[in-house]
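Student: Listed here are the chains, written in short residue letters.
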Amino acid sequence: MDKTLFNAGAVDYIVIIVYFAFVIGIGFFLKNQMKTGKDFFLSGRSIPTWITGIAFLSANLGALELLGMAAQGAEYGMLTTHFYLIGAIPAMLFLGLYMMPFYYASKIRSVPEYLKLRYNEATRGLNAVSFAVMTVLVSGISLYSMGLIFKVLIGWSLTTSILFSAVVVLIYVGLGGLTSSIYNEVVQFFLIWLGLLPIPILGLHELGGWDGMLSRLPESFGHLWATTGDPTQNAMGVSWLGITLGLGFVLGFGYWTTDFLVVQRAFAAKNLRAAQNTPIFATYFKMIVPFLVIIPGLIAAVLFHNLGKPGGPSYNLALPMLIQRYYPPGLLGLGLTAMLASFMSGMAGNITAFTSIFTYDIYQSYIKKDGTDKHYISVGRWAIVLGVVVSIGTAYIAADFPSVMDYMQTLFSFFNAPLFGTFLLGMFWKRTTPWAGFWGLLSGVVGAIVLYFATPDSVYASPQAGNFWRAFMAWGITMLVTIVVSFITKPKPKEELKGLVRGFSDRVNYKHLPWFKRPGYLAAISFVILIIFNIWFW
Amino acid sequence: MESKKRDYLDLRKIIGSLLTFYGVIIAGYGLFVKPDKAHLPFNINLWWGLVILIVGLAFLFASLRKLKVDDE
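Here the protein sequences line up with chains A and B, keeping their order.
So for the first sequence, our numbering puts the first residue at 1; every next one is plus one.
So for the second sequence, our numbering puts the first residue at 1; every next one is plus one.
Hint data in this document are derived by calculation from the structure and do not stem from the laboratory.
Hints should not be assumed to be uniformly reliable.
Claimed, not checked - Between beta-carbon pairs, the in silico distance windows are:
hint, chain 1, residue 1, chain 2, residue 2, range
1, A, Glu-219, B, Trp-47, 34 to 40 Å
2, A, Ile-525, B, Val-51, 48 to 54 Å
3, A, Ile-367, B, Leu-57, 40 to 46 Å
4, A, Tyr-521, B, Lys-13, 31 to 37 Å
5, B, Trp-47, A, Leu-513, 39 to 45 Å
6, B, Lys-13, A, Val-129, 39 to 45 Å
7, A, Leu-480, B, Trp-47, 57 to 63 Å
8, B, Ile-54, A, Val-450, 53 to 59 Å
9, A, Gly-209, B, Val-51, 16 to 22 Å
Claimed, not checked - Which residues of chain B face chain A? A partial, calculated answer using Cβ under 7 Å:
hint, residue
10, Leu-11
11, Ile-15
12, Leu-18
13, Ile-26
14, Phe-42
15, Trp-48
16, Ala-58
Claimed, not checked - Within a straight-line C-alpha distance of at most 25 Å, the following computed BS3-like cross-link-like pairs (lysine-lysine) qualify:
hint, chain 1, residue 1, chain 2, residue 2
17, B, Lys-13, A, Lys-270
18, A, Lys-270, A, Lys-511
19, A, Lys-494, A, Lys-31
20, A, Lys-107, A, Lys-517
21, A, Lys-31, B, Lys-13
22, A, Lys-511, A, Lys-498
Heads up, the beta-carbon is just placed ideally off N, CA and C, and yes, glycines get one too.
I would like the entire structure built from these sequences, with the hints used as guidance.
Tutor: Structural data, given as structure tokens:
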């Protein structure tokens, strides 16, 4: 057996086992409450805002996020924070303020369903299939990353770890559906914070505070923007323009506004205002996550000199190595539980999204149109089994890629970036025609894939820089093709677009509410904090 | 809407009881076993365990309060 990083004691195992008992217990508790398809897939649209807000964020706070962002922090420094600030916040606010009214008010159950109403069946089918493919690929990455951790930490084989993790997710999502997934995401959110917060605190304490830490790192590690004027001056090899257009505009918006995995959490909210506030609340939490995941990366870069060097440990081990350094038995169990929890929330999120899309947009649309509600719940449960089993296979695909983080961003540039163009035109330009939506989306996806295989690696300074620019070009292709085709095909009649496009919808008015309940005010405050952060760490 | 109310209460109870349990275990372990760690000048288990315990109890306490259902 490989040597393990940790020696977990009895007390650590108690902590871990209690967690699994709780997770599975929640699944059983909720099983009896899942009576209709709406309960199972949309949580009956009855969950309070603070819960959907946390779940919105936590579905994205997977193992990949924890390990990957700590790794990127150790490799690129504070530049990694762009993934949280410009790469996420503006898009989340835009989703809450401008897109959620169309999503929520049209009573759709999934993102592809919106495309069917706005465009046509073909666009929906294209998106449903490409999303299903992307989700199981991403879910395989989560499964693989966590398998790696088990392997290094406890000494299980990769296959044992993957199978064990897959079975747990299968049990609790299969029993309780989306509610189970959302409830666990909220529990996980608190566990992740309480389990990992001592690391940045202890690390900064040991290194003599923030300035003490930065004084022992390369200059570009401490800045967000100061070194991006010239791409050769920072570790990521990107310019401010690449960050703003590629990451901030296209990749960020593409992921946060159209990826059903995150958007689905807002659909579970109890009313339109709660659905709008869901991503807006989430931005407040999102802005503080870098403290938990990126700062440990910087600390690791100071403490472990051979990290990421030939012969040394991989960047992905930055966080586990810090846990090993600081956590005595007891707390160690909690730290491991937090990492397990984050893995499960990422994986479960992918599986629930896959299940809804598969059941509604593939099975119900093309295989059996007139089944009973009960029939679809049971199909949903089988879809969960299918999703988990396929993810086990894709976990081994992910194992073949040198950097899983780059692999994931590449997938997003293929699928999410073009989709964002389709949504932008669909929601805000009445003239966009059904077939323009289809051809625009198709050419964007195909274009991104062709660009990926046709451009030599040497064109871009780093794989991330390549992803940023490719995403931007894929989005551009979609926009261009959609606009051109719109002028030569017939638009949908006005009546069919009611509630789906800006200009044909009733504007909601929250003037009678106090400021702290109104999406506009909450978003404005968040935006101001975002600007302060950017100036502070300039 | 009775059943809905019960659900939210349960989530706060779930988080509260899980964290309270963890707080007791970890702080207790720190207090009685006093595990040593080379890079730490103080008993992190005891102090962080207490933090977790407080958060857990706060959730339990919050779950005792009646939830006001605010719709629109």
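Student: Hint by hint, which ones does this structure get wrong, listed from lowest number up?
Tutor: Failing hints, ascending: 2, 3, 14, 16 and 19.
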